[in-house]
Amino acid sequence: MDLKSNHSAPVLTDPPPVNKSRFGIRSSLLPYSPLGSAFSSGLLLTVPRKKTGVLDDVRSTCWLDAMKSSSPTHKKITNGLNTEPASTDTDVTYRTWLLKYPSALKSFDQMMDFAKGKRIALFLDYDGTLSPIVDNPDRAFMSNSMRAAVRNVAKVFPTAIISGRSRDKVYNFVELAELYYAGSHGMDIMCPVRRSIPDGHQDCIRLTDKQGKEVNLFQPASEFLPMIHEVFRSLVRCTQEIKGAEVENNKFCVSVHYRNVDEKHWKTIAQLVDDILKDYPRLRVTHGRKVLEVRPVIDWDKGKAVEFLLESLGLSNSDDVLPIYVGDDRTDEDAFKVLRDWKRGYGILVSSVPKDSNAFYSLRDPSEVMEFLKLLVMWKKL
Numbered sequence: 001m002d003l004k005s006n007h008s009a010p011v012l013t014d015p016p017p018v019n020k021s022r023f024g025i026r027s028s029l030l031p032y033s034p035l036g037s038a039f040s041s042g043l044l045l046t047v048p049r050k051k052t053g054v055l056d057d058v059r060s061t062c063w064l065d066a067m068k069s070s071s072p073t074h075k076k077i078t079n080g081l082n083t084e085p086a087s088t089d090t091d092v093t094y095r096t097w098l099l100k101y102p103s104a105l106k107s108f109d110q111m112m113d114f115a116k117g118k119r120i121a122l123f124l125d126y127d128g129t130l131s132p133i134v135d136n137p138d139r140a141f142m143s144n145s146m147r148a149a150v151r152n153v154a155k156v157f158p159t160a161i162i163s164g165r166s167r168d169k170v171y172n173f174v175e176l177a178e179l180y181y182a183g184s185h186g187m188d189i190m191c192p193v194r195r196s197i198p199d200g201h202q203d204c205i206r207l208t209d210k211q212g213k214e215v216n217l218f219q220p221a222s223e224f225l226p227m228i229h230e231v232f233r234s235l236v237r238c239t240q241e242i243k244g245a246e247v248e249n250n251k252f253c254v255s256v257h258y259r260n261v262d263e264k265h266w267k268t269i270a271q272l273v274d275d276i277l278k279d280y281p282r283l284r285v286t287h288g289r290k291v292l293e294v295r296p297v298i299d300w301d302k303g304k305a306v307e308f309l310l311e312s313l314g315l316s317n318s319d320d321v322l323p324i325y326v327g328d329d330r331t332d333e334d335a336f337k338v339l340r341d342w343k344r345g346y347g348i349l350v351s352s353v354p355k356d357s358n359a360f361y362s363l364r365d366p367s368e369v370m371e372f373l374k375l376l377v378m379w380k381k382l
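Residue numbers (the working numbering): 1 to 382.
Please note that the accuracy of each hint is not assured.
Stated by the list, open to error - Below, in silico cross-link-like pairs of lysine to aspartate or glutamate (DMTMM-like), each with a Cα-Cα straight-line distance of 25 Å or less:
#: 1; residue 1: 106; residue 2: 368
#: 2; residue 1: 267; residue 2: 248
#: 3; residue 1: 155; residue 2: 209
#: 4; residue 1: 267; residue 2: 241
#: 5; residue 1: 155; residue 2: 311
#: 6; residue 1: 304; residue 2: 248
#: 7; residue 1: 155; residue 2: 175
#: 8; residue 1: 337; residue 2: 307
#: 9; residue 1: 380; residue 2: 113
#: 10; residue 1: 106; residue 2: 89
#: 11; residue 1: 118; residue 2: 311
#: 12; residue 1: 243; residue 2: 274
#: 13; residue 1: 374; residue 2: 175
Keep in mind the hints are simulated off the structure, nothing from the lab.
Build out the structure end to end from the sequences listed, making use of the hints.
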């Protein structure tokens, strides 16, 4: 792959479901011992049931605490104007936090000094990174100016979006064929075909895209689809009486949005989700920005998606590659940690409030992300 040329990534809708033999998912993906049953071995996990009663209330309370901590209060923005007076204490706290996570804009020259002679690979989250967080998740549109910035950066660096949304859904938001897309927190990846397939993933499905190019489709949680669809229907049914609650099917995960729910009902949502998952010990919950994510219990996340994409692009195990990952959510921390552990990449957290992170740098909001992308393009053209 010529990293200096304009490259186009494939975009396809999903093929009909396939059986496990075509994926060849190995037990190394699983953190627990497999259990044989009607589903394929290697994807069903033995997890002990927890007793009901007081423990349920304790667990839902813990969930409530996590829901609050992952949903910090932000200043309300109306028509681009800040409707709340600035807090001096908040500003001081944020400036202090910037000492640990410096602005990627102000540190850009320093970052690029290290990037000289290296091949940059760019990974981006979508919601809260390329688009603002909005009340209605179906209206999380990116601006035309952001789309232009992403298109331009993808012309000079291999660029992928790794989102919690389904792959098809995030493509419909972005509408750029120049990118690579990984949906469902990296559990649904479309990537280019290479002569050598990433280790441990020899059985990726090979398809032909609309442009006639061969591509690989990798879906390590494919066996969970019936279970995910079943849980989605149950969550829609049990939350329909809660005003503002919205359940989103993101193919390999289910997102329960509570952004528009009165906080006094958050514990009810936590309890409902907990009650349903008692019958699905092979599913787990992670917390995002006012969203509960129901996901399969497999050892796969955005960090492993970054590793997989780098291998697929022929950019792994090379000292002259510099991966950059930009994201705002807790699920992006897995990717930040991979880059930190490698000691050869930059994680950039998008946040306007102080929070602990595995990232090295920070950007305040999507508008700063756009400026950072423009700087990357300008630097490449120097």
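Results of checking the hints against the structure:
1. 106 <-> 368: Roughly 11 Å between the alpha carbons, so the hint for residue 106 and residue 368 holds.
2. 267 <-> 248: holds, 19 Å
3. 155 <-> 209: holds, 20 Å
4. 267 <-> 241: holds, 14 Å
5. 155 <-> 311: holds, 20 Å
6. 304 <-> 248: At roughly 24 Å apart (the allowed maximum being 25 Å), residue 248 and residue 304 satisfy the hint.
7. 155 <-> 175: Holds. Residue 155 to residue 175 sits at ~15 Å (cutoff 25 Å).
8. 337 <-> 307: holds, 12 Å
9. 380 <-> 113: The given pair, whose Cα atoms are some 12 Å apart, holds under the 25 Å limit.
10. 106 <-> 89: holds, 22 Å
11. 118 <-> 311: holds, 16 Å
12. 243 <-> 274: holds, 19 Å
13. 374 <-> 175: holds, 19 Å
Checked against the numbered hints listed earlier, the structure breaks none of them; every hint is satisfied.
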